[in-house]
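Protein chains: 2
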Amino acid sequence: MANALQPLPGFRDFAPPERLVARYFFEAWSRVASRYGFSEFEAPIVEGAALYLKKSGGELSSQLFRFADQGGRDCVLRPELTASLARIVAGRQRDFPKPLKWFEIGRCFRYEKPQRGRLREFYQFNADVLGEPSPAADAELIALAIDIMRELGFVAGDFVVRLSDRRAWQGFCDAQGVTDVDGFLQAVDKLDREPAEKTEARLRATGTTTEAVQGFISDPGHHTGGLAAVRSDLEARGLGDFVEIDLSVVRGLAYYSGLVFEVFDAGRALRSVAGGGRYDNLVAVLTDGATGLPATGFAMGDCVIAELVNETPHALARMQAWRQRQRTCEVYVVIADEGQRPAAMRLVSDLRAAGIRTDFPLAPARVNRQFKAAGHALARFAVVVGSEFPELKLKVMASRHEESLAPNTDPVACLQQRLAQPDGPLLA
Amino acid sequence: MANALQPLPGFRDFAPPERLVARYFFEAWSRVASRYGFSEFEAPIVEGAALYLKKSGGELSSQLFRFADQGGRDCVLRPELTASLARIVAGRQRDFPKPLKWFEIGRCFRYEKPQRGRLREFYQFNADVLGEPSPAADAELIALAIDIMRELGFVAGDFVVRLSDRRAWQGFCDAQGVTDVDGFLQAVDKLDREPAEKTEARLRATGTTTEAVQGFISDPGHHTGGLAAVRSDLEARGLGDFVEIDLSVVRGLAYYSGLVFEVFDAGRALRSVAGGGRYDNLVAVLTDGATGLPATGFAMGDCVIAELVNETPHALARMQAWRQRQRTCEVYVVIADEGQRPAAMRLVSDLRAAGIRTDFPLAPARVNRQFKAAGHALARFAVVVGSEFPELKLKVMASRHEESLAPNTDPVACLQQRLAQPDGPLLA
Chain A
1 MANALQPLPG FRDFAPPERL VARYFFEAWS RVASRYGFSE FEAPIVEGAA LYLKKSGGEL
61 SSQLFRFADQ GGRDCVLRPE LTASLARIVA GRQRDFPKPL KWFEIGRCFR YEKPQRGRLR
121 EFYQFNADVL GEPSPAADAE LIALAIDIMR ELGFVAGDFV VRLSDRRAWQ GFCDAQGVTD
181 VDGFLQAVDK LDREPAEKTE ARLRATGTTT EAVQGFISDP GHHTGGLAAV RSDLEARGLG
241 DFVEIDLSVV RGLAYYSGLV FEVFDAGRAL RSVAGGGRYD NLVAVLTDGA TGLPATGFAM
301 GDCVIAELVN ETPHALARMQ AWRQRQRTCE VYVVIADEGQ RPAAMRLVSD LRAAGIRTDF
361 PLAPARVNRQ FKAAGHALAR FAVVVGSEFP ELKLKVMASR HEESLAPNTD PVACLQQRLA
421 QPDGPLLA
Chain B
1 MANALQPLPG FRDFAPPERL VARYFFEAWS RVASRYGFSE FEAPIVEGAA LYLKKSGGEL
61 SSQLFRFADQ GGRDCVLRPE LTASLARIVA GRQRDFPKPL KWFEIGRCFR YEKPQRGRLR
121 EFYQFNADVL GEPSPAADAE LIALAIDIMR ELGFVAGDFV VRLSDRRAWQ GFCDAQGVTD
181 VDGFLQAVDK LDREPAEKTE ARLRATGTTT EAVQGFISDP GHHTGGLAAV RSDLEARGLG
241 DFVEIDLSVV RGLAYYSGLV FEVFDAGRAL RSVAGGGRYD NLVAVLTDGA TGLPATGFAM
301 GDCVIAELVN ETPHALARMQ AWRQRQRTCE VYVVIADEGQ RPAAMRLVSD LRAAGIRTDF
361 PLAPARVNRQ FKAAGHALAR FAVVVGSEFP ELKLKVMASR HEESLAPNTD PVACLQQRLA
421 QPDGPLLA
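Chains A and B, in that order, are what the protein sequence lines are.
For the first sequence, our numbering begins at 1 and goes up steadily by one.
For the second sequence, our numbering begins at 1 and goes up steadily by one.
A couple of the hints might just be wrong.
Treat identical chains as interchangeable: a pair holds within one or across any two.
[Unchecked claim] Straight-line distance between alpha carbons at most 25 Å, and here's what the computed BS3-like set of lysine-lysine pairs gives: (1) Lys113 / Lys190; (2) Lys98 / Lys372; (3) Lys395 / Lys372; (4) Lys113 / Lys198; (5) Lys113 / Lys395.
In case anyone wonders, no lab produced these hints; they're calculated from the structure.
So that you can see chain A by itself, here it is in the shape it has in the complex:
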């Protein structure tokens, strides 16, 4: 029986405490993206499988959550958001002035073995700029990624953005006579994560060596104009300290065509918090060449960033303070005399109409139990409606200070005023 109460493997239930953590990230993502002039869009959860098979090949397609619907359609639960974005923009780009700056926060699905930080269902924030080929678009996205990290309380030293350019590697391949560029990039992508012999064998198969690759990475002479332009742009914004150029970053997906970047946890160096890059050919591939639109974007999932916040005391403190504020009930109406329940209901209704978060006991209960419920709700104030109504008692929950509200006082206006101020001298 216990099993029937669990979600499917790799899926999560978000009861209110966990949901509030997720919402913390959603709101930060959305707030910073709006400040940057990005507009929110949303794509369907289910897409035709052709959209992904056409596009990303390799890594993603082996992890697709794929099924036939009742009508026999080959369907997929989206593994990421970029393909849907490219599909929507390809169809509707004439409706919007360029460049498009769009973001999405949505659920994605991968059928892989569930493990820490890798689940079958997860949230992803995606931000993209379409219609602008210059490195200024890439810099705008990297600045957005940095400011999201800062909004979450991270500071210089907590994380680093590693910036690279696939076109530098295209130059390397041309010079070395490497023709299997995809295979070569896969090997470079795994440089830090695979045994050295395995990488060497992979690279030799494409016609080069680890030594040549390492030599190329360590020579700043191979940095492209795009990399220099992004760096200057970020320096002008005062964000230069967060970025380093590192050609060993190439990103796994086949569709990247130029600048790529990843945000790394500086403390543990190898954990990637966000990543993305330029995909100038994807819209053209989806439209069989009918519409071309340069594009660049990045994504950040909810799992790794949540781990990182938990491990970083100053970021965690900020999240906990936010959660505490969100959970707070502003006024709990205590009904000390059931005969006055109708008057209490009217008060509850008026407080809520004024925008005040208000709760009260649905069932009759002893007054001390009601105060306990007010405590559970993290109420700031309790208003006691008793036999002395229309006189009301007001209690500051934190200090237990109690006062009377005279019958000629408007309790809603009084509470609005009190809520806008600190809890008062007894708290200080």
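Start from chain A and add chain B according to the hints.
Okay, now just chain B, sitting in the frame of chain A:
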């Protein structure tokens, strides 16, 4: 090719203009629910099929989006949120003081023929109270539904809540010797929507007649104590005018066990905007009787309510005003001299760090094109960075009024102050 750019049948793409409409509803739902002391939760999109087959029977199971995953699991894209909620609460109820007041906003899926107002993928708001058997919990939910409608700009006369009680019909069945209560309630549910002969045949099959049913509906003597209690509670809150008791409402799903209600569009009488009721046995069914928890809840989808807003001028005006505010860019930084781009980037960065929604041209462009882009972005102010930097020009976009900011002025502080005020005398 055109087809490859469309979503699957019954699915929607939300480009930013449509997404903003959806967000309007999400924010209203979330804001009013929080004010009522409800906490947000979120369940997985994919659930084991057994959860739905066990629970709802009949109507829903024929419309399930059902598939086998790669591991051979019998999976379902959730058709509604109540089953997942009951599953989560059954497993974790000991972690939370009762009653639970939880809400969720999420996507649901039904495999049915797509038509106006009925899609394969839609959003649903769900609010539930668990652990409180008294009609006060039902009244709290109905008040929440009414206040959501009012938050959206609807007023008395635009909509009506019809309230009923399945226990009244249980009494009718007992008196009439009707044993197939589910079949009987299905017939009553379709009373207004099916040809009279068909209903009569259905009712006769269960051992009663349309005449007996109509007689029962029209006799207030059959109103239960629960109905009276809910009505008194809502009257005490000042919400009595929005509710009428109507026993012809029974709701389609098999799991309802007591009070049920629907919110109807008053103008077109038959269109249901929201609905729900008490389901006191569901948690016990899911746990094979191990855990019982009285429960009541309701749901509102995004499709019908959006139609209703569009058809109701005062509600539509409120939504449009909100959308306009949301779309506004606060400051657009115009770069009149590319040599000053680094200074402009620094200004953009500082404005955004102060929480100001700021945009700028990613690529060099003529000044009049930049002002056009500022207009598209609905910018309130443009700041012109030109060769006279550090002197800046400030332009009020609506009035075209222009002024200079002296080099010793802090432009961020100045703009924060201006944004907090109306646009100034030239606008009046």
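Status of the hints after comparison with the structure:
1. Lys113 / Lys190: within (20 Å within a copy, 47 Å between copies)
2. Lys98 / Lys372: between (56 Å within a copy, 12 Å between copies)
3. Lys395 / Lys372: Intra 13 Å, inter 56 Å, cutoff 25 Å: intra-copy only.
4. Lys113 / Lys198: within (23 Å within a copy, 53 Å between copies)
5. Lys113 / Lys395: neither (53 Å within a copy, 56 Å between copies)
Taken one by one, the earlier hints fail for this structure only at number 5.
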